Amino acid sequence: MVLQTALLIGMVLFAVLAILLKDVLRSAIALAVASLLLGIVFFRMGAPYAGVFEISVVAGLITVLFILTIALTRKGDEVRESRLANWVFPLAFVAFVIIDALVMKGLIGKIPALAGGTETGTFGDILWKGRTLDLVGQIAVILAGVFAVLALFRKRDNHD
Amino acid sequence: MIILFVVLPLIVAGLLPLAGKLSRRVLPDLLANATLAGLLAYAAVAGRALIAGGPVLQQSSWLGEAVNIRLALDAFSLFMLVAIALVGLAASLFSIDYMEHYGAKANYYALYLVMIAGMNGLVLATDLFGVYLFLEVAAIASYALVAYGLGHDELEAAFKYLMLSVVASAFLLGAIAVIFGMTGSLDFAAVAAGLKELNAGAVVGIASAFFLLGFGLKAALVPFHAWLPDAHPSAPAPISAILSGLLIKVSGVYALTRIFLNVFGLTPALSTVLMWLATVSVVVAAFLALGQKDMKRMLAYSSISQVGYVVLGIGIGTPLGIAGGLFHLFNHALAKGLLFLTSGSVQQATGTRDLDRMGGLAKRMPITATTNLIGSLSIAGVPPLNGFWSKLLIIVALVQAGHPVFAIIAVLASVLTLWYYLLLQRKAFFGKLNEAWSGVKEAPFWMTLATVLLALLCVGIGILFSSTVSTWIRPAADVLADGVHAVTGSWGF
Amino acid sequence: MTNTWYLYLFFAVALVVAGLLGLLGRRNLIKLLIAIEVIGKGITLLLLATGYAKASLLTAQALVITYIVIEVSLVATAMALIINIYRESKSLDIRSLAKLKG
Numbered sequence: 001m002v003l004q005t006a007l008l009i010g011m012v013l014f015a016v017l018a019i020l021l022k023d024v025l026r027s028a029i030a031l032a033v034a035s036l037l038l039g040i041v042f043f044r045m046g047a048p049y050a051g052v053f054e055i056s057v058v059a060g061l062i063t064v065l066f067i068l069t070i071a072l073t074r075k076g077d078e079v080r081e082s083r084l085a086n087w088v089f090p091l092a093f094v095a096f097v098i099i100d101a102l103v104m105k106g107l108i109g110k111i112p113a114l115a116g117g118t119e120t121g122t123f124g125d126i127l128w129k130g131r132t133l134d135l136v137g138q139i140a141v142i143l144a145g146v147f148a149v150l151a152l153f154r155k156r157d158n159h160d
Numbered sequence: 001m002i003i004l005f006v007v008l009p010l011i012v013a014g015l016l017p018l019a020g021k022l023s024r025r026v027l028p029d030l031l032a033n034a035t036l037a038g039l040l041a042y043a044a045v046a047g048r049a050l051i052a053g054g055p056v057l058q059q060s061s062w063l064g065e066a067v068n069i070r071l072a073l074d075a076f077s078l079f080m081l082v083a084i085a086l087v088g089l090a091a092s093l094f095s096i097d098y099m100e101h102y103g104a105k106a107n108y109y110a111l112y113l114v115m116i117a118g119m120n121g122l123v124l125a126t127d128l129f130g131v132y133l134f135l136e137v138a139a140i141a142s143y144a145l146v147a148y149g150l151g152h153d154e155l156e157a158a159f160k161y162l163m164l165s166v167v168a169s170a171f172l173l174g175a176i177a178v179i180f181g182m183t184g185s186l187d188f189a190a191v192a193a194g195l196k197e198l199n200a201g202a203v204v205g206i207a208s209a210f211f212l213l214g215f216g217l218k219a220a221l222v223p224f225h226a227w228l229p230d231a232h233p234s235a236p237a238p239i240s241a242i243l244s245g246l247l248i249k250v251s252g253v254y255a256l257t258r259i260f261l262n263v264f265g266l267t268p269a270l271s272t273v274l275m276w277l278a279t280v281s282v283v284v285a286a287f288l289a290l291g292q293k294d295m296k297r298m299l300a301y302s303s304i305s306q307v308g309y310v311v312l313g314i315g316i317g318t319p320l321g322i323a324g325g326l327f328h329l330f331n332h333a334l335a336k337g338l339l340f341l342t343s344g345s346v347q348q349a350t351g352t353r354d355l356d357r358m359g360g361l362a363k364r365m366p367i368t369a370t371t372n373l374i375g376s377l378s379i380a381g382v383p384p385l386n387g388f389w390s391k392l393l394i395i396v397a398l399v400q401a402g403h404p405v406f407a408i409i410a411v412l413a414s415v416l417t418l419w420y421y422l423l424l425q426r427k428a429f430f431g432k433l434n435e436a437w438s439g440v441k442e443a444p445f446w447m448t449l450a451t452v453l454l455a456l457l458c459v460g461i462g463i464l465f466s467s468t469v470s471t472w473i474r475p476a477a478d479v480l481a482d483g484v485h486a487v488t489g490s491w492g493f
Numbered sequence: 001m002t003n004t005w006y007l008y009l010f011f012a013v014a015l016v017v018a019g020l021l022g023l024l025g026r027r028n029l030i031k032l033l034i035a036i037e038v039i040g041k042g043i044t045l046l047l048l049a050t051g052y053a054k055a056s057l058l059t060a061q062a063l064v065i066t067y068i069v070i071e072v073s074l075v076a077t078a079m080a081l082i083i084n085i086y087r088e089s090k091s092l093d094i095r096s097l098a099k100l101k102g
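From first to last, the protein sequence lines are chains A, B and C.
First residue of the first sequence? That's 1 in my numbering, and the numbers climb one at a time after it.
First residue of the second sequence? That's 1 in my numbering, and the numbers climb one at a time after it.
First residue of the third sequence? That's 1 in my numbering, and the numbers climb one at a time after it.
Pulled out of the complex, with its shape left as it was, chain A reads as follows (with noise of 0.2 Å):
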């Protein structure tokens, strides 16, 4: 539980600096990084299947698809961030979270939960027996993504 909260703390850590940094590249190593650790903190919870998916498309693929971006939008880069944010920030995200300690403590043992179910069959079945339903929905998904990005980067001919 040790380790598991430290690699929480490592990875929220990574988070924040993927907003705060200043160069885009740099934010977007940091969220690869905060990725990896979400996903062995996945796989210490006992989900390795989330935990693969976590590590292999956010750290990776997502990853690729911002690198991608920022290559393509290289000259696009000196956004100058406001000075008033950097520091609020910062404070403001430090108050929050001494906010959610308190709201989470106070809130021990005040949820009230049903006994939770047996699982019954491998995530296998879970997932190709079970939520059929979510597999017809993520092709959808991933058609709407891929005509979406086909429309974005359609040849403009004859566009007024």
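By construction, these hints were calculated from the structure, which means they are not laboratory data.
Do not take every clue at face value.
[Claimed, not checked] Straight-line C-alpha distance at most 35 Å; calculated DSBU-like pairs for lysine-lysine: (1) Lys363(B) to Lys441(B); (2) Lys196(B) to Lys90(C); (3) Lys293(B) to Lys90(C); (4) Lys155(A) to Lys293(B); (5) Lys21(B) to Lys160(B); (6) Lys363(B) to Lys160(B); (7) Lys90(C) to Lys160(B); (8) Lys441(B) to Lys129(A); (9) Lys293(B) to Lys160(B); (10) Lys75(A) to Lys196(B); (11) Lys110(A) to Lys196(B); (12) Lys22(A) to Lys441(B).
Fair warning: this is a prediction, and the values are worked out from it, not measured in the lab.
Dock chains B and C against the given chain A, drawing on the hints supplied.
Here is chains B and C on its own, set in the frame of chain A:
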């Protein structure tokens, strides 16, 4: 085979790029519109027979294995499916001519069909995560469709829409996770039963607040409406029609209603919150619509206001109120769809959306002017058009339920609505013909056909309102008025 | 709900708050997208933690996997928008997108 509602548009969408390579115009047009016409026919004709004996629950089996595709079709979902197919078909017919100069029509239709599939899936889903998933499907398709013209305004509107939508989605999933934690399940029936057993008022209240935030943003209820007045005008006209006419209602109002009424159960506190939020939407948006110079922006604010009416009706909780709200949802989908389509005709003919620069277009575009007038009067609630009856139902329901103040506000806002719509008509269509437009012609065939179709429906439903209400609206309202029982009783798989 | 759930909830909320603050304060479009990603991480953590607490990790993982697929589509679409905006206005500053008033 209810799954067809989701799978058919997806399959056709997948085939469209291929069709687009074979034939740039005819084949994609044909495929897309035939699909939507088919869905409409299936829903309108076969649908009622399907649900005659109670909700249809489908649990399919694929290649011998029992897979778990759970879809439920009850009167409320059927009602939404018909609305989606109807307005979807009209806007799609309109697109045949309108989207010519945007390019890549096959791609456009593919996105369009994916959005329709997403909306259908949302309506047929039986668990909380399914609702969320298909909501995102439709949303992602809509981001690309709003930005379709690739102009500066469109891209800006699409990006801001995306940002706000993502926040909404995060809150929705957060609430879903908490509900999952409490009840151990995501299925509507199981959640409803579990929540009743737990009786955890405060936490359900917080989850409800998050749902309200998420779905309220999708439905553009004030104060979560900021994205709509930019996104709807910038999108191409048929997409504006779908967004205002369908998407905000399906991913906002339907999801909200289904969860609050059938899964959580409408408590008096929830009812009050909904009614207050709705009234604020009705009034604030009506005032904001008044000052608009951009035709589509005025229509966009009007959408926010009218969705307020819908939520107001549903929020009352009585069967009459819910029926009024649902009827208004349907009427507004038709009329607002119609109005955005005619605005597209005007925009294509004159190249502008600025009301001050228009004038006297009725002389050159008589059909468009007439259909626009019908749509405007319908939303403003003028008898005997359909909008009048739905607003009347809501107002009567308010009075009956003991909320005379809300009723008065609703009536006054209606007067305001009539005013700014007449303003729109006068500035754009009546009055002296602006010299610049002396050469414009009436809109091309498909565009005109689509608007005439919707206008005829507005008039027809206005005249035949009582049979429409009893055949389509009443059953849907009854499902909702049943509250949690509708789901726990017959939806248990 | 077990105490560990509240621990995970704490971190999940921290992530979501960080992301929301980022959305409010940052101006670079790509940084805004990164903030959106951070919010997504918070939500996946919450979903899995809930699954862990209810001994339904398999279902929770199925949900998280679907959510990640949604995220990929979302990021791809957002990227396409950003690149187009860059081509249009040569800038990644959200203040250059202030034409429409909302």
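For each hint, the structure was consulted:
Between Lys363(B) and Lys441(B) the alpha-carbon distance is near 10 Å, which keeps this suggested pair within the 35 Å criterion. Straight-line distance between C-alpha atoms of Lys196(B) and Lys90(C) comes to about 56 Å, which puts the hinted pair past the 35 Å bound. Straight-line distance between C-alpha atoms of Lys293(B) and Lys90(C) comes to about 29 Å, which keeps the hinted pair within the 35 Å bound. Taken as a hint, the Lys155(A) and Lys293(B) pair is honoured in the structure, with Cα atoms around 33 Å apart against an allowance of 35 Å.
The hinted pair formed by Lys21(B) and Lys160(B) meets the criterion: a straight-line CA distance of about 33 Å does not exceed 35 Å. For the hint linking Lys363(B) to Lys160(B), the alpha-carbon distance of about 39 Å lies beyond 35 Å, and the restraint is violated. At roughly 18 Å between alpha-carbon atoms, Lys90(C) and Lys160(B) fall within 35 Å of each other, so this suggested pair holds. In summary, the hint linking Lys441(B) to Lys129(A) is not supported, as the alpha carbons are separated by about 57 Å, beyond the 35 Å threshold.
Annotation: proposed proximity of Lys293(B) to Lys160(B) holds, straight-line Cα distance about 22 Å (limit 35 Å). Restraint check: the Cα-Cα separation between Lys75(A) and Lys196(B) comes to about 58 Å, which exceeds 35 Å; the hinted pair is violated. Note on Lys110(A) and Lys196(B): the hinted pairing holds, with a Cα-Cα distance of about 17 Å set against a maximum of 35 Å. A C-alpha spacing of about 55 Å is found between Lys22(A) and Lys441(B), which places the hinted pair above 35 Å, so the restraint is violated.
Violated hints, in rising order: 2, 6, 8, 10 and 12; the structure is consistent with all others.
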